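Undergrad: Chains A and B are the protein sequences, given in the same order.
Take 13 as the starting number for the first sequence in my numbering and just add one per residue.
Take 157 as the starting number for the second sequence in my numbering and just add one per residue.
Because the hints were derived from the structure by calculation, they are not lab data.
Source: prediction; values computed, not measured.
Each hint should be verified, as a subset may be incorrect.
Claimed, not checked - Derived coverage of chain B by chain A (criterion: at least 3 residues anywhere in the stretch with Cβ under 8 Å from a Cβ of chain A; other residues may be distant):
# : stretch
1 : 219–228
2 : 419–427
3 : 495–509
What the hints assert, rightly or not - No farther apart than 25 Å at their CA atoms in a straight line, the calculated lysine to any residue pairs in the SDA-like style are these:
# : chain 1 : residue 1 : chain 2 : residue 2
4 : A       : Lys53     : B       : Lys326
5 : B       : Lys420    : B       : Ala456
6 : A       : Lys107    : A       : Gly39
7 : B       : Lys326    : A       : Gly39
To be verified - Reference listing, derived: stretches of chain A covered by chain B, where coverage requires no fewer than 3 residues with Cβ under 8 Å from a Cβ of chain B:
#  : stretch
8  : 45–53
9  : 68–74
10 : 127–137
11 : 142–150
12 : 158–168
Yeah, the Cβ is synthetic: ideal placement off N, Cα and C, and Gly gets one too.
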Amino acid sequence: MKKWLLLLLLIGLTLAPAMRSSSAVDGLHPFGRGAWQEIRKAHAGQPLVVHFWGVTCGPCRTEMPQWGKFLEEHADLHLVMIDADLVPNLPGAVKTMLEQSGLAAAENWMFDDDFVERLRYEIDPQWQGEIPRTLLIAPDGTMTTIEGVADLDKIRIWLDRQAPPSR
Amino acid sequence: MIRVPQLAVAGVLLCAGATMAQMSHNHGGHTNPKCTDASLGCAMQATPTFASDGTLWLAWAANGIVSVAHSPDLGRTFSTPVAVNQEPLDLDWGPDSRPNIAVDKDGRVFVAFARFKDQAFNGQVLTTRSIDGGRSFTPPAPITANPESQRFEALALDADGSLVAAWLDKRNRVPAAARNEKYIGAGLAFSWSHDHGVTFSEAEIAQDNTCECCRVAVAFAGPGRPVVAFRNVFGGTVRDHAVTTFLDPQTPGPIYRVSVDDWKTDVCPHQGPSLAIAPDGSYHVAWFTNGGVRKGLFYARSTDGGRTFSAPTPVGDAERNPSRAYLLAVGDALWLAWKEFDGERTTVAAMASRDAGRTWSSPRILAQTGDASDHPLLVADGKQVFLSWQTRAEGYRLLPLESRQ
Chain A
13 MKKWLLLLLL
23 IGLTLAPAMR
33 SSSAVDGLHP
43 FGRGAWQEIR
53 KAHAGQPLVV
63 HFWGVTCGPC
73 RTEMPQWGKF
83 LEEHADLHLV
93 MIDADLVPNL
103 PGAVKTMLEQ
113 SGLAAAENWM
123 FDDDFVERLR
133 YEIDPQWQGE
143 IPRTLLIAPD
153 GTMTTIEGVA
163 DLDKIRIWLD
173 RQAPPSR
Chain B
157 MIRVPQLAVA
167 GVLLCAGATM
177 AQMSHNHGGH
187 TNPKCTDASL
197 GCAMQATPTF
207 ASDGTLWLAW
217 AANGIVSVAH
227 SPDLGRTFST
237 PVAVNQEPLD
247 LDWGPDSRPN
257 IAVDKDGRVF
267 VAFARFKDQA
277 FNGQVLTTRS
287 IDGGRSFTPP
297 APITANPESQ
307 RFEALALDAD
317 GSLVAAWLDK
327 RNRVPAAARN
337 EKYIGAGLAF
347 SWSHDHGVTF
357 SEAEIAQDNT
367 CECCRVAVAF
377 AGPGRPVVAF
387 RNVFGGTVRD
397 HAVTTFLDPQ
407 TPGPIYRVSV
417 DDWKTDVCPH
427 QGPSLAIAPD
437 GSYHVAWFTN
447 GGVRKGLFYA
457 RSTDGGRTFS
467 APTPVGDAER
477 NPSRAYLLAV
487 GDALWLAWKE
497 FDGERTTVAA
507 MASRDAGRTW
517 SSPRILAQTG
527 DASDHPLLVA
537 DGKQVFLSWQ
547 TRAEGYRLLP
557 LESRQ
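Chain A on its own, in the form it takes in the complex (with noise of 0.2 Å):
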């Protein structure tokens, strides 16, 4: 019986850290506390664009493919697309989503904490939770916030003035 135990257990130990990089291999990172820190320092250095949005947000569904496009069209670009939806999403809508936007492939969170208010604290204090919305940060931590949905021009232009990436 012990063994048995033990066996399961070291099975359940190296399962469960497989599990949760798989789910990130899914394309879809659970976005904790501390979640916001990682992005940035993942990233630090480079012009990096955030944006936030859900699977109940009528202005996502149109915004959506066009980040898709956009994406596309800068491969090289650091693009972090966060799931903050008020109205908590399912995962399989969440999928379904990205995939028909074209951005299955992108580096995919979803807010996975419902103390929100911390969350996005860590993020702005002052956000109050709506979306869609869009983080354009500096290689020099210098962050513009775009409320509501986001005329890629001005972000294409904001790119142009930053450093080349490196990448």
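Chain B: place on chain A using the hints.
TA: Here is chain B on its own, set in the frame of chain A:
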């Protein structure tokens, strides 16, 4: 011997699936993800009301079930909860959605709530009532036969015992689509029940193109004259607040703007207003905006029946993200409570006015929590005012504010 490995296997699978399980939380209503039953402890929201005999009534939703219980001792003990719906429903889990409850002077209990009918987040408002002191409820029935989306219902009792319901209703997008026109937002619908919640009158639209994702607030200017505050969509793009005062039970009055915040946006704020009407007839509205003119939480008052409002005054500490304001008028006192967040903890602050909103006391912190929490609500038993607040870590709390006397 055989059962142990099976249990262990189940444990391993549960651990391995934990990431995805966590990410699918909240499906089926505002539910504490660690919970699987319909108890109050599993709810992320609770809506209170007092009966005239001083009994506290509470309605909440957890895991697809709306439940009701009552407390004779201000929330210390509760009756055995009674499920309003027997089969779990896909309850509306929008941040501003919650079950509504009202208890009339004869002890009839009315509950209204919304569920999602489909994957496209089309809602349906259901009502039910109890005439046996909350021991049993009639099967929840649609408030209207119309199949278009209904959400964010608000239920209020008029002086004569009639019930009025106001909600956001998308029925007029059908004729708009037939004309090949886009219908922005949702209509503000209303309906009356003059037979103590057995039937509701044919729903009517008081105003088209209001914001579709924010709660509406109802109070009374007098018998048969409900006042509704809501986030309107002005000129197709500006999501600022408005009020309408019914001229009589069937006739909504003109729409007056509470404030020109100029929040020109296509985002859904998921944050509707609060409304109170003081005994002197003054209107009081609190709301959140991220407009071009002002950003944050605000309060304004009207002394001419909602035609014009005072200059908006900011509420709370702007550095601490004030949100979710709630107003209550009790006797000669007016109370305003709201939430703030400092990066670690959520606090509820409140202040009072003894001169119908002209001047206010200093804000006082009433409660705090370090995890997810409901909007703060105020409720009164006729004498005393209470904060009603459901939080994940602490559960349900009913905290007395200072006595009116």
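Undergrad: Confirm or reject each hint.
TA: These are the hints, each one checked on the structure:
{"no.": "1", "hint": "219–228", "in the structure": "violated (count 0)"}
{"no.": "2", "hint": "419–427", "in the structure": "holds (count 7)"}
{"no.": "3", "hint": "495–509", "in the structure": "holds (count 4)"}
{"no.": "4", "hint": "A:Lys53 to B:Lys326", "in the structure": "44 Å, violated"}
{"no.": "5", "hint": "B:Lys420 to B:Ala456", "in the structure": "20 Å, holds"}
{"no.": "6", "hint": "A:Lys107 to A:Gly39", "in the structure": "8 Å, holds"}
{"no.": "7", "hint": "B:Lys326 to A:Gly39", "in the structure": "34 Å, violated"}
{"no.": "8", "hint": "45–53", "in the structure": "violated (count 0)"}
{"no.": "9", "hint": "68–74", "in the structure": "holds (count 4)"}
{"no.": "10", "hint": "127–137", "in the structure": "holds (count 7)"}
{"no.": "11", "hint": "142–150", "in the structure": "holds (count 4)"}
{"no.": "12", "hint": "158–168", "in the structure": "holds (count 3)"}
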